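Please arrange chain B on chain A, whose structure you already have, making use of the hints.
As they're listed, the protein sequences go chains A and B.
Letter by letter, the first sequence follows residues 5 to 421 of this note's numbering.
Letter by letter, the second sequence follows residues 5 to 421 of this note's numbering.
Be a bit skeptical, because a hint or two may be false.
To be verified - Below, computed lysine-lysine pairings styled on BS3-like, alpha-carbon distance capped at 30 angstroms: (1) A:K91 / B:K57; (2) A:K91 / A:K34; (3) B:K114 / A:K91; (4) A:K33 / B:K57; (5) B:K34 / A:K57; (6) B:K57 / A:K34; (7) B:K91 / A:K114; (8) A:K57 / B:K33; (9) B:K191 / B:K375; (10) B:K329 / B:K375; (11) B:K91 / A:K57; (12) B:K57 / A:K57.
Unchecked claim - Residues of chain B placed beyond 12 angstroms of chain A at every Cβ, according to the derived structure: (13) M5; (14) P217; (15) I382.
What the hints assert, rightly or not - So these bits of chain B aren't anywhere near chain A, every CB distance computed over 10 angstroms: (16) L315; (17) A337; (18) A390.
Calculated from the structure, these hints are not laboratory results.
All values reported here derive from a predicted model rather than from experimental measurement.
The beta-carbon is built from N, C-alpha and C at its ideal position, and this holds for glycine as well.
Number of protein chains: 2
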Amino acid sequence: MSLIVMKFGGSSVGTAERMNRVAQRIIDKKLQGDRVVVVVSAMGDTTDDLIEKANEINDNPPSREMDMLLTTGEQISVALLSMAIHKLGHEARSYTGWQAGIVTEEVHAKARISDISPDRIFASLDQGNIVIVAGFQGMTEGGEITTLGRGGSDTTAVAMAAAIKADVCEIYTDVDGIYSTDPRVVKCARKLNEISYDEMLELAHLGAAVLHPRAVEYAKHYNVNLVVRSSFTNNEGTLVREAAEMEQGVVVRGIASDKNVARISVLGVEDQPGVLAKIFGAQADNGIDVDIIVQSGVQGGKADFSFTVSLADRQRALDVLAGIKAEVPYREATYEEGLVKVSIVGAGMVSNPGVAAKMFEAISGVGVSIKMVSTSEIKVSCVISAEPVQEVVRALHTAYGLDTADTAYVGGPQDRR
Amino acid sequence: MSLIVMKFGGSSVGTAERMNRVAQRIIDKKLQGDRVVVVVSAMGDTTDDLIEKANEINDNPPSREMDMLLTTGEQISVALLSMAIHKLGHEARSYTGWQAGIVTEEVHAKARISDISPDRIFASLDQGNIVIVAGFQGMTEGGEITTLGRGGSDTTAVAMAAAIKADVCEIYTDVDGIYSTDPRVVKCARKLNEISYDEMLELAHLGAAVLHPRAVEYAKHYNVNLVVRSSFTNNEGTLVREAAEMEQGVVVRGIASDKNVARISVLGVEDQPGVLAKIFGAQADNGIDVDIIVQSGVQGGKADFSFTVSLADRQRALDVLAGIKAEVPYREATYEEGLVKVSIVGAGMVSNPGVAAKMFEAISGVGVSIKMVSTSEIKVSCVISAEPVQEVVRALHTAYGLDTADTAYVGGPQDRR
Numbered sequence: 005m006s007l008i009v010m011k012f013g014g015s016s017v018g019t020a021e022r023m024n025r026v027a028q029r030i031i032d033k034k035l036q037g038d039r040v041v042v043v044v045s046a047m048g049d050t051t052d053d054l055i056e057k058a059n060e061i062n063d064n065p066p067s068r069e070m071d072m073l074l075t076t077g078e079q080i081s082v083a084l085l086s087m088a089i090h091k092l093g094h095e096a097r098s099y100t101g102w103q104a105g106i107v108t109e110e111v112h113a114k115a116r117i118s119d120i121s122p123d124r125i126f127a128s129l130d131q132g133n134i135v136i137v138a139g140f141q142g143m144t145e146g147g148e149i150t151t152l153g154r155g156g157s158d159t160t161a162v163a164m165a166a167a168i169k170a171d172v173c174e175i176y177t178d179v180d181g182i183y184s185t186d187p188r189v190v191k192c193a194r195k196l197n198e199i200s201y202d203e204m205l206e207l208a209h210l211g212a213a214v215l216h217p218r219a220v221e222y223a224k225h226y227n228v229n230l231v232v233r234s235s236f237t238n239n240e241g242t243l244v245r246e247a248a249e250m251e252q253g254v255v256v257r258g259i260a261s262d263k264n265v266a267r268i269s270v271l272g273v274e275d276q277p278g279v280l281a282k283i284f285g286a287q288a289d290n291g292i293d294v295d296i297i298v299q300s301g302v303q304g305g306k307a308d309f310s311f312t313v314s315l316a317d318r319q320r321a322l323d324v325l326a327g328i329k330a331e332v333p334y335r336e337a338t339y340e341e342g343l344v345k346v347s348i349v350g351a352g353m354v355s356n357p358g359v360a361a362k363m364f365e366a367i368s369g370v371g372v373s374i375k376m377v378s379t380s381e382i383k384v385s386c387v388i389s390a391e392p393v394q395e396v397v398r399a400l401h402t403a404y405g406l407d408t409a410d411t412a413y414v415g416g417p418q419d420r421r
Numbered sequence: 005m006s007l008i009v010m011k012f013g014g015s016s017v018g019t020a021e022r023m024n025r026v027a028q029r030i031i032d033k034k035l036q037g038d039r040v041v042v043v044v045s046a047m048g049d050t051t052d053d054l055i056e057k058a059n060e061i062n063d064n065p066p067s068r069e070m071d072m073l074l075t076t077g078e079q080i081s082v083a084l085l086s087m088a089i090h091k092l093g094h095e096a097r098s099y100t101g102w103q104a105g106i107v108t109e110e111v112h113a114k115a116r117i118s119d120i121s122p123d124r125i126f127a128s129l130d131q132g133n134i135v136i137v138a139g140f141q142g143m144t145e146g147g148e149i150t151t152l153g154r155g156g157s158d159t160t161a162v163a164m165a166a167a168i169k170a171d172v173c174e175i176y177t178d179v180d181g182i183y184s185t186d187p188r189v190v191k192c193a194r195k196l197n198e199i200s201y202d203e204m205l206e207l208a209h210l211g212a213a214v215l216h217p218r219a220v221e222y223a224k225h226y227n228v229n230l231v232v233r234s235s236f237t238n239n240e241g242t243l244v245r246e247a248a249e250m251e252q253g254v255v256v257r258g259i260a261s262d263k264n265v266a267r268i269s270v271l272g273v274e275d276q277p278g279v280l281a282k283i284f285g286a287q288a289d290n291g292i293d294v295d296i297i298v299q300s301g302v303q304g305g306k307a308d309f310s311f312t313v314s315l316a317d318r319q320r321a322l323d324v325l326a327g328i329k330a331e332v333p334y335r336e337a338t339y340e341e342g343l344v345k346v347s348i349v350g351a352g353m354v355s356n357p358g359v360a361a362k363m364f365e366a367i368s369g370v371g372v373s374i375k376m377v378s379t380s381e382i383k384v385s386c387v388i389s390a391e392p393v394q395e396v397v398r399a400l401h402t403a404y405g406l407d408t409a410d411t412a413y414v415g416g417p418q419d420r421r
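The shape of chain A in the complex, shown without the other chains (with noise of 0.2 angstroms):
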């Protein structure tokens, strides 16, 4: 008898349908004989209805509200699933997450779990209950209603397995698996068996939309066996854990392609020691994620940087720039857009020489230039123009062996939530 946590996404959950059958599936698993608590995350579009309804009254609300407003969206859901369940005959119990005992900091919108209470959980299912857990919710010490951010409910699906001390945490979503890349860029995309904590986080930061990094690092953290696979098909889906299972002749596990990028250049910056402090310590004071950052030679006593950051901080990146031009002067700011990150990652790579060289080979192959690299122990990144990225990566899926003819992707829009 395993205990298992199953998470659903909102998709997952959309329809009364949808509904029906997750229930369905929920109960096989119980009648296999396993424990099972489920987390899910609100219907469809009610989060995004929610948002608006606020917006309609205030076009900038409170934080706290906000988290007030929108953990009604799971509690629906939570409500409706057990309904499901019981209409199907069997038992089942559904908990908000202050019921389910997830204590998060004193933090609105993006709260981080700090602690899971599951005497509940574990009483409710000695019962012979199917628990049932709103995802994306928690509540601080002080009795506040608190909501995890993005990826919240993959969170507290990873979170409870943790605290539960679960087999397995299976993540159900529309796609069936983690890919090798992108298989509406690259038809020939293999499903990964395995991957482990570290690539799928390197995947998850990369845009790899399926699991949300923060559930990953959990999962790393904690030790949780993750599997994603598809609420639609009984395909095997993906596993991720701490060693995965290296394949023969596997260096590169996946590719990733992110759009979501622009590029600060900095020139003719005085070369002192602490120039580059002062300018990356300006932007994160600014809540600013800097991600690359190359500096170029220095000529005559001045140098170039550049640096990406995601589109959205572009402005206030330069802004940031403008602001402590008195205390780093330097000649230029400027940006460019239409670009894209590519990267490759694999824990392989350690010990094999020569896989970014393999890279720039490839890239240059199609005839695309280099912007910009970075390199970590299992993942190298290149920036080029965002024009030729689907030959690009498709070209990299082959120079790395990735290429397969079993293309099993289920399609359809990514569950972020």
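Just chain B now, kept in the frame of chain A:
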């Protein structure tokens, strides 16, 4: 500086525009220097929409899960109302039932409030906030979410007013007070300035939908000053309190009529001791509320009874009678519909003989025969044929000197939750 509870029903906050109007009204109160606790129902049709969603999935959902589902309606209201107040530049905090310290019995769908711990409400008031509490809901000692059933938000408001020792509990609704009778029936119905708890209780039970009887009971028990007034006008409402001021010569305060009545007749019952106890004990055991009971004379050792029940309970009441026929033999049981119960209510009738006689006279004056009569200290009810009820109510209204030219009635469907 007064401490005031303001309760707004679902239709008062049914749209963003109405929500804003209510927000302004609350702020006006606060600007007078009062400390304000607001209780709100679910917006407009929210509750019906949620019930429909549930029924799509399960036509007989567990009441625990219905409570989980329906309480989201009020949670949405309080969050949005708080946002509306913030938008107008004032501080507000919304609270669910459990956050507001409302503890109920361990019963779903119609729990009674067993305790309120108002510490958090006081702390929030002390911080200068307008406090907004979700009506209709609470939590059991064991942390289960419950609802209070029909009229629940009125009850929340009154119970909260009792717990925080508020100076007054104002119930805002879509009529501007309690009327001597339904102003849609009798054009010259008069708005009452004051009414006693007992009178209000009788009127509420008799179908005057403005206040729920349970809320009135609660107000009487804790001696809460209740005011019923319009959320759309600034007219003074009706004050409900222990000893209402007697207007000169007014013996009867109000006239109510209730069409939700069926008469069951049991004919040829063996006249033995304990027969009545058996018949009505069996009805009570089956959860059937019996209202008026009349026993006509005994002839040849056989008695005839008749009693009234609500229309919905009619068939079940007959089934219960059929079930005990072996134990309590009778010749025949029949029922009659198309009836109405007309009642006059007034604390003044205790000391005024002839009040009932005047009622019978007025009814027979319009050519209507009386089928059943029931009296209490402050009430006389007659069951008559439903057809001429408007004429009867008008005649009674005139007979007791209640007519007035001042018809300030604001129409619209009444708000019960």
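Given as non-interface: B:L315, partner chain A, CB spacing beyond 10 angstroms: The claim holds: B:L315 sits with its nearest Cβ about 29 angstroms from chain A, beyond 10 angstroms.
Hinted pair B:K57 and A:K57, Cα distance within 30 angstroms: 19 angstroms, holds
Is the nearest Cβ of chain A still more than 10 angstroms from the Cβ of B:A390? 39 angstroms, holds
Between the alpha carbons of B:K57 and A:K34, is the straight-line distance 30 angstroms or under? 25 angstroms, holds
Hinted pair, alpha-carbon criterion (30 angstroms max): A:K57, B:K33. Please report holds or violated. Satisfied, since the Cα-Cα distance of roughly 26 angstroms is no more than 30 angstroms.
Is the straight-line distance between the alpha-carbon of B:K329 and that of B:K375 30 angstroms or less? 25 angstroms, holds
Is A:K33 close enough to B:K57, meaning Cα to Cα at most 30 angstroms? Given pair A:K33, B:K57 holds - Cα atoms ~26 angstroms apart, limit 30 angstroms.
Any Cβ of chain A at or closer than 10 angstroms to B:A337, or is the non-interface label fine? Answer for B:A337: holds, closest chain A Cβ roughly 37 angstroms.
Compute the least Cβ-Cβ separation between B:M5 and chain A, then decide whether it is above 12 angstroms. The assertion about B:M5 holds, with a minimum of 26 angstroms to chain A.
May I ask you to check that B:I382 keeps its beta-carbon over 12 angstroms from the closest beta-carbon of chain A? 43 angstroms, holds
Does the alpha-carbon distance linking A:K91 and A:K34 stay inside the 30 angstroms limit? This hinted pair holds, its Cα atoms lying about 15 angstroms apart.
Would the pair B:K34 and A:K57 pass a check requiring their Cα atoms to be no farther apart than 30 angstroms? 25 angstroms, holds
In this structure, every one of the numbered hints holds.
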